[in-house]
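Given the structure of chain A, go ahead and fit chains B and C onto it with the hints provided.
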Amino acid sequence: MAEKILMKGNEAIAISAIRNGVDGYFGYPITPQSEVMETLMKEKPWETTGMVVLQAESETSSINMVYGGAGCGKKVMTSSSSPGVSLMCEGLSYIAGSELPCVVVDVMRGGPGLGTIQPSQSDYNQIVKGSGHGDFHNIVIAPASAQDMYDFLDWGFELAFKYRNPVVILSDGIIGQMMEKVELRPVKPRRTREEIIRDCPWAVTGKPASRQRNIITSLSLDADVQEEFNRKLQRKYAAIEENEVKYDVYMTGDAEYLFVAFGCSSRICEAVVDILRSEGIKAGLLRPITLYPFPYKEIGGLAAGMKSIMSIELNLGQMVDDVRLAVNGACPVGFYGRQGGNIYTPEEIVEQFKKFNNLV
Amino acid sequence: MKEEIIIAGFGGQGVLSMGKILAYSAIMQDMEVTWMPSYGPEMRGGTANVCVIISDRKIGSPIVTRYDTAIVLNQQSLDKFEHSVKPGGTLIYDPSGISDHPTRKDINIYRINAIDVAAKLGNSKVYNMGVLGGFLKVKPIVSLENVEKGLAKSIPSRYSDLIALNREAITEGMSSIEEINII
Amino acid sequence: MTIEDIKKPENLVYRKPSLLTDNVMHYCPGCSHGTVHKIIAEVIEEMGIQEDTIGICPVGCSVFAYNYIDIDWQEAAHGRAPALATATKRLNPDKYVFTYQGDGDLASIGTAEIIHACSRGENIAVIFINNGIYGMTGGQMAPTTLIGMKTATTPYGRDPKLNGFPLVIADMIAQLDGTAYITRQSVHTAAAVRKTRNAIRKAFEYSSKGIGLSFVEVVSTCNSGWKMTPVQANKWMTENMFAKYPVGDIKDILK
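Chains as they are written, first to last, in my numbering: chain A, 89 to 448; chain B, 47 to 229; chain C, 100 to 354.
Derived by calculation from the structure, the hints in this document are not laboratory data. The C-beta atom is built at its ideal place from N, Cα and C for all residues, glycine as well. You may find that some hints are simply not true.
Cβ-Cβ distance ranges computed for the label pairs, FRET-style [as the list claims (entries may be wrong)]: (1) A/Lys276 to B/Ser206: 29 to 37 Å; (2) B/Lys48 to C/Asp276: 53 to 61 Å; (3) A/Glu332 to B/Glu225: 53 to 61 Å; (4) C/Asp270 to A/Glu271: 31 to 39 Å; (5) B/Lys48 to A/Gly218: 39 to 47 Å; (6) A/Arg286 to B/Ala210: 49 to 57 Å; (7) C/Asp276 to B/Glu191: 49 to 57 Å; (8) C/Tyr255 to A/Gln314: 33 to 41 Å; (9) C/Gly347 to A/Glu332: 51 to 59 Å; (10) C/Asn297 to A/Arg286: 53 to 61 Å; (11) A/Gly138 to C/Ile352: 23 to 31 Å; (12) A/Glu332 to B/Lys48: 33 to 41 Å.
Facing chain C, a subset of chain A residues (Cβ under 10 Å, in silico) [stated by the list, open to error]: (13) Ala297; (14) Asn302; (15) Ile303.
Pulled out of the complex, with its shape left as it was, chain A reads as follows:
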């Protein structure tokens, strides 16, 4: 039987990185995710797997270290929280523009500005819609448990290398700080130099006489070349949207009311559905696991049979815009959110649900 360990979501990220053959982690301390680097430093993976762990001078520098490591075809990652991730947006744009794989973990806290160190989901727009200049997308996956943190890191690298695109694990202070049971999966060794050269022929691994030099850059001053590059990116995103949408549903079979929530909010909404079901109200939940690509079709498909849909987020209304696009007027769309580190209780959401649906 696989070993089961009680650990924080942040610790799960670190342990998963070591066990899944990650080559390098570059980070900067920020609450509520500092346990990621602390755990890595305590585990000393450079003595076992040879993984590099480095505390950078800033988030700007850590993401650019990730950019440099990714250019070598290495499995590299960083983690941070909202204000730190703001600083990483420059690097994310370069990484996307150079078509490099990497994983960034954002353990969200509240903003804007210095905000609060308490949990929040208010980086949805920053990570799903933006995170830097130019026409690009991060692939965004949203864990809801410590086990997800462990598993999504490896899945994130799989997606990152499959599409040569940055992947952001959009987590939050609850998932990062909460301890749960984590089942350790079989160990994956780090790739050898030969494997990297074979799998990443584009990487800067040192130019032998036998091939052209490899250049990692996002620069092209020729308008047509730049446009064609952007069209190529869009074709890649279309393939991602076609193939990689992932979501989970809870009690949607006969549901008349639907909740849409991701990450920690989806767990809270499971309790909401249970309470409403115990009162005879047929509620269900859809949890987007990939936020980009977003499950537009799946929500749109469910919307036709619903009396209403509510988006529940620890922000004041970000993902709800995507829910509205998905629903496209098929039924009323409501929203409830909390901010500042306040976390809604299931009972509070039930009350808001009843108010929105005139069931009081």
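Positioned in the frame of chain A, the structure of chains B and C alone reads:
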């Protein structure tokens, strides 16, 4: 089975590690757990609390506001959480330093003088294990065998010689807990 | 002597380094970049480390350095080359990793990155082209612009009350324990080119010794930005730039 527990007290009373040992013991019993602390500046020297949920099924919301059991180790925590205990639920408190005692009549109330337990064993650090013993006496949701395994998992190996002392504190706590109000 | 005689290999006195590509350089006539590129290509060729070298190029005039030297390159964001090189070297400790950066890139927007790469003692070589101006964006003030020097953003000359003082970066980082070799050179005469070649070779060699960061500043001209002929620019550099940025070794921990 689902048990939602809040453990609250001063930083330094071992609130978080007690929650961790309890959670680990439950894992050893093949149950699902969540351990959700308050974190940040409020932890520095002030009050600390952790919500532990133990269940034989997958745990949905890790955030609850009503608890099956509240374990409170200072006045602030008693004031804050006495009224969060579900009717019919359980409140365990340490009477030292308490001037306003719990008053609810619709819950089971116990008290444990864990400072005495720690003093008897000559090590103030096992205070929290005395409290845990008291809890396990009234809510035997995990077997002592699994608690011992949970202890071994939670305590760094360099302190493994302290496991026996911790176990003793748990046993001592079990015999020290007193009933105050039983419904 | 016929043309055929002259072309005989034994009569060869100079050839383009084999690692310099045939791409026509975009640099202005008289610019120092071309000379420094040639030196780097020569050094890599001489040391036989083409397959073991990874270059990190900057944002600035030398943004296209990857078009001219036949090695693997990665293009950094403005100022961030030392951060990239840190990861590249730590993940590939057997490689020679160097950054090539201008004064706006290294001494302004990338100050944090260079200082901390130095402070950590990263085993990389840094080639720093200091011409006292932003070339690519059209001749604006750089941190290294001299007092009184006219640029697009100091049209009346750099005034310390308005614009502060020139940053003498090589002397600053020489104070840091993580640096192994710091030198300041130029490429305006054949003799200077030879010295710079030796310095760059030493920097590459030191970067494989695990003794810390090596840094070669090349005091350079930007005749377009300075609005001078190449000859005037060289003269102006020796008379003015060298006063603030004197050439010579600043630190060598193996000496």
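Against the structure, the hints come out as follows:
Checked against the hint of 29 to 37 Å, the pair A/Lys276 and B/Ser206 passes, with Cβ atoms roughly 31 Å apart. Under the hint 53 to 61 Å, the C-beta atoms of B/Lys48 and C/Asp276, about 57 Å apart, fit the expected range. Checking the proposed 53 to 61 Å range against A/Glu332 and B/Glu225 shows it holds: the Cβ atoms sit about 58 Å from each other. At about 56 Å, the beta-carbon gap between C/Asp270 and A/Glu271 misses the expected band of 31 to 39 Å.
Remark: the range hint 39 to 47 Å for B/Lys48 to A/Gly218 is upheld by a beta-carbon distance near 41 Å. Distance hint for A/Arg286 and B/Ala210: a CB-CB separation of about 54 Å, consistent with the stated range 49 to 57 Å. Taking 49 to 57 Å as the suggested C-beta distance range, the pair C/Asp276 and B/Glu191 conforms, at roughly 55 Å. Between C/Tyr255 and A/Gln314 the beta carbon distance is about 38 Å. The supplied range of 33 to 41 Å therefore holds.
Against the hinted window of 51 to 59 Å, the Cβ-Cβ separation of C/Gly347 and A/Glu332 comes to about 58 Å, which satisfies the hint. Taking the beta carbon of each, C/Asn297 and A/Arg286 are about 39 Å apart, not inside 53 to 61 Å as hinted. Separated by about 28 Å at the C-beta atoms, A/Gly138 and C/Ile352 satisfy the suggested range of 23 to 31 Å. Roughly 35 Å separates the CB atoms of A/Glu332 and B/Lys48, a value that falls within the hinted 33 to 41 Å.
The interface hint given for A/Ala297 is met, as the beta carbon of that residue sits about 8 Å from the closest beta carbon of chain C, less than 10 Å. Here the hint on A/Asn302 is kept, as its CB sits about 5 Å from the closest CB of chain C, short of 10 Å. For A/Ile303, the shortest C-beta to C-beta distance to chain C is roughly 5 Å, which falls under 10 Å, so the interface hint holds.
In this structure, the earlier hints numbered 4 and 10 are contradicted, and the remaining ones agree with it.
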